[in-house]
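Dock chain B against the given chain A, drawing on the hints supplied.
Chain by chain, the residues:
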Amino acid sequence: MTGRVIVITSGKGGVGKTTTSANIGTALAKSGHKVVLIDTDLGLRNLDLLLGLENRIVYTIVDVIEERCKLKQALVKDKKNPNLQLLAAAQTRDKTAVNADQLKEICDTLKEENDFVLVDCPAGIEQGFQNAVAGASEAVVVTTPEMSAIRDADRIIGLLNTKEEITSVKLLLNRVRPNLIKSNEMMSVDDVVGILEIPLVGIIPEDTGIITSTNKGEPIVNDENALAGKAYRNVAERILGEEVPFLDLDEPKGIMAKIKNAIAKLKVKV
Amino acid sequence: MSLFSDLYNTLTKFFRSTEEQGDASKSVATNRLKLVLMQDRTNLTPRILEQMRSELIDLLSRYVELDKELLDLNFEQEGDQVALMLSIPVIRAKDEEEIDAAIREHEELLKVSMAGKEIETSEEDSEEIIEEPENSEETVSEEITNDSNSDEEEKAESDKTDAIVKELNEVPKIIKKKEKKEVSAPEEIISNSGNPFKSDSNDANMVESSEG
Chain A
0 MTGRVIVITS GKGGVGKTTT SANIGTALAK SGHKVVLIDT DLGLRNLDLL
50 LGLENRIVYT IVDVIEERCK LKQALVKDKK NPNLQLLAAA QTRDKTAVNA
100 DQLKEICDTL KEENDFVLVD CPAGIEQGFQ NAVAGASEAV VVTTPEMSAI
150 RDADRIIGLL NTKEEITSVK LLLNRVRPNL IKSNEMMSVD DVVGILEIPL
200 VGIIPEDTGI ITSTNKGEPI VNDENALAGK AYRNVAERIL GEEVPFLDLD
250 EPKGIMAKIK NAIAKLKVKV
Chain B
0 MSLFSDLYNT LTKFFRSTEE QGDASKSVAT NRLKLVLMQD RTNLTPRILE
50 QMRSELIDLL SRYVELDKEL LDLNFEQEGD QVALMLSIPV IRAKDEEEID
100 AAIREHEELL KVSMAGKEIE TSEEDSEEII EEPENSEETV SEEITNDSNS
150 DEEEKAESDK TDAIVKELNE VPKIIKKKEK KEVSAPEEII SNSGNPFKSD
200 SNDANMVESS EG
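Residue numbers (numbering that gives the first Met the number 0), protein chains in the order written: chain A, 0 to 269; chain B, 0 to 211.
I should point out that these hints are in silico values taken from the structure, not numbers from a laboratory.
Being a predicted model, the structure only gives us computed values, none of them experimental.
Distance condition first, Cα-Cα at most 20 Å in a straight line; then the derived DMTMM-like pairs of lysine to aspartate or glutamate:
{"#": "1", "chain 1": "A", "residue 1": "Lys162", "chain 2": "B", "residue 2": "Asp39"}
{"#": "2", "chain 1": "B", "residue 1": "Lys33", "chain 2": "A", "residue 2": "Asp190"}
{"#": "3", "chain 1": "A", "residue 1": "Lys79", "chain 2": "A", "residue 2": "Asp222"}
{"#": "4", "chain 1": "B", "residue 1": "Lys93", "chain 2": "B", "residue 2": "Glu104"}
{"#": "5", "chain 1": "A", "residue 1": "Lys79", "chain 2": "A", "residue 2": "Glu217"}
{"#": "6", "chain 1": "B", "residue 1": "Lys33", "chain 2": "A", "residue 2": "Asp189"}
{"#": "7", "chain 1": "A", "residue 1": "Lys79", "chain 2": "A", "residue 2": "Glu223"}
{"#": "8", "chain 1": "A", "residue 1": "Lys29", "chain 2": "A", "residue 2": "Glu241"}
{"#": "9", "chain 1": "B", "residue 1": "Lys25", "chain 2": "A", "residue 2": "Glu196"}
{"#": "10", "chain 1": "A", "residue 1": "Lys29", "chain 2": "A", "residue 2": "Glu217"}
{"#": "11", "chain 1": "B", "residue 1": "Lys33", "chain 2": "A", "residue 2": "Glu196"}
{"#": "12", "chain 1": "A", "residue 1": "Lys11", "chain 2": "A", "residue 2": "Glu205"}
{"#": "13", "chain 1": "A", "residue 1": "Lys103", "chain 2": "A", "residue 2": "Asp114"}
{"#": "14", "chain 1": "A", "residue 1": "Lys29", "chain 2": "A", "residue 2": "Asp114"}
{"#": "15", "chain 1": "B", "residue 1": "Lys25", "chain 2": "A", "residue 2": "Asp190"}
{"#": "16", "chain 1": "B", "residue 1": "Lys25", "chain 2": "A", "residue 2": "Asp189"}
{"#": "17", "chain 1": "B", "residue 1": "Lys25", "chain 2": "B", "residue 2": "Glu75"}
{"#": "18", "chain 1": "B", "residue 1": "Lys25", "chain 2": "A", "residue 2": "Glu184"}
{"#": "19", "chain 1": "B", "residue 1": "Lys25", "chain 2": "A", "residue 2": "Glu205"}
{"#": "20", "chain 1": "A", "residue 1": "Lys11", "chain 2": "B", "residue 2": "Asp39"}
{"#": "21", "chain 1": "A", "residue 1": "Lys33", "chain 2": "A", "residue 2": "Glu111"}
{"#": "22", "chain 1": "A", "residue 1": "Lys71", "chain 2": "A", "residue 2": "Asp107"}
{"#": "23", "chain 1": "A", "residue 1": "Lys103", "chain 2": "A", "residue 2": "Glu163"}
{"#": "24", "chain 1": "B", "residue 1": "Lys33", "chain 2": "A", "residue 2": "Glu145"}
{"#": "25", "chain 1": "A", "residue 1": "Lys110", "chain 2": "A", "residue 2": "Glu137"}
{"#": "26", "chain 1": "A", "residue 1": "Lys169", "chain 2": "A", "residue 2": "Asp114"}
{"#": "27", "chain 1": "B", "residue 1": "Lys33", "chain 2": "A", "residue 2": "Glu184"}
{"#": "28", "chain 1": "A", "residue 1": "Lys11", "chain 2": "A", "residue 2": "Glu196"}
{"#": "29", "chain 1": "A", "residue 1": "Lys78", "chain 2": "A", "residue 2": "Glu217"}
{"#": "30", "chain 1": "B", "residue 1": "Lys25", "chain 2": "A", "residue 2": "Glu145"}
{"#": "31", "chain 1": "A", "residue 1": "Lys11", "chain 2": "A", "residue 2": "Glu125"}
{"#": "32", "chain 1": "A", "residue 1": "Lys181", "chain 2": "A", "residue 2": "Asp247"}
{"#": "33", "chain 1": "B", "residue 1": "Lys25", "chain 2": "B", "residue 2": "Asp71"}
Computed from the model, here is a short list of chain B residues facing chain A with C-beta under 10 Å:
{"#": "34", "residue": "Ala28"}
{"#": "35", "residue": "Thr29"}
{"#": "36", "residue": "Leu32"}
Using N, Cα and C, we set each Cβ at its ideal position, and we do this for glycine too.
Only chain A is shown next, with the shape it has when bound in the complex (with noise of 0.2 Å):
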């Protein structure tokens, strides 16, 4: 068996690279793959975090390429999901304790007995991003409605495009809030997929429950009521293959929107 290994990246840092390694990764194991997640964030670990599995962590990355341990001692196996296990990165060392040819070599050893192999990837663009790169054939680039993140982004797949193993590249719009799209006070969709005109895989809503998820340690795409969930969920099954269409993020139209619309055409009016 030959599984595929995707990189989950962004370039800039806090847009939810973590959240969404952990969901998708969740919502694949959930649907009976074999799944390791590989956190390459060298010195700020937290995908351990958002699994909670903090606890469970004996061994991490760096010792598996120093030897102190094999590649399936260092797996930390998912509470609810055996089908999900978690590489942990070391948390008192530095992207240089491991380099391309190292994190490649294990990627290639783990998709030899798992389906997916996903790899967190640390935000920037040096060592830690060419790391968690060398092994993966697959891309999903993160970023959020906002011009920093987008500008970022546009430079990860710049840098994604350089690299010839990666023949996949795709886009995950998270924190989208679509009562700010509505106003015109954020970004569209379709303005962000025009402007890094790479194909859409996944629509985040901003979702509170993203925080009370990562508090209690347990991805939101366990939540069967949460929106972001369903969206997490939506986007194992389009890596999957299958045809979901995006969520419609519009929000049920109120009192006050129905107020705002008749102000909309009185001031055309006037």
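Chain B in isolation, oriented as in the chain A frame:
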């Protein structure tokens, strides 16, 4: 009436639904982002852009009176190609005498600045196509092409411009200048019906130059 409009303004502010407010913020972001991304992608620095802009203004000002304030230099992505969109509202066309005078003045300047340098002219580099909005019959292109044909210094100048364009072409994406229709024609143009150009066209006259 003012009471009514005050009330109206207060209401719209309260609901924050005026399209200008929102539009401003979103489209400002989109436009700023497009420009900065094009600079990132092509390595075009603001300095080079400014130089290109001022040289284009210099060149075109010899033939038509331009509204320099409203000059709009934009990039657009069309598939793999990057297009340079230049849109300059034309206030009025100059008559032949003025154009001749402007060219002579430019020649003088050029002689001074190019003193000691050899001026080479190559035909392929001086190609310039000027296009207008469809509904305007008056053609700037004729005047400009005629004059530049009879003017070698002019070619040297466009060589200079082309050199910049060529420089831009060294980066992976091709930059070309294209016509773009001015959406919001400034009021001066509309009111200035006595100009030698077609007065029934409110659109500013657009300038296009072929890709380098």
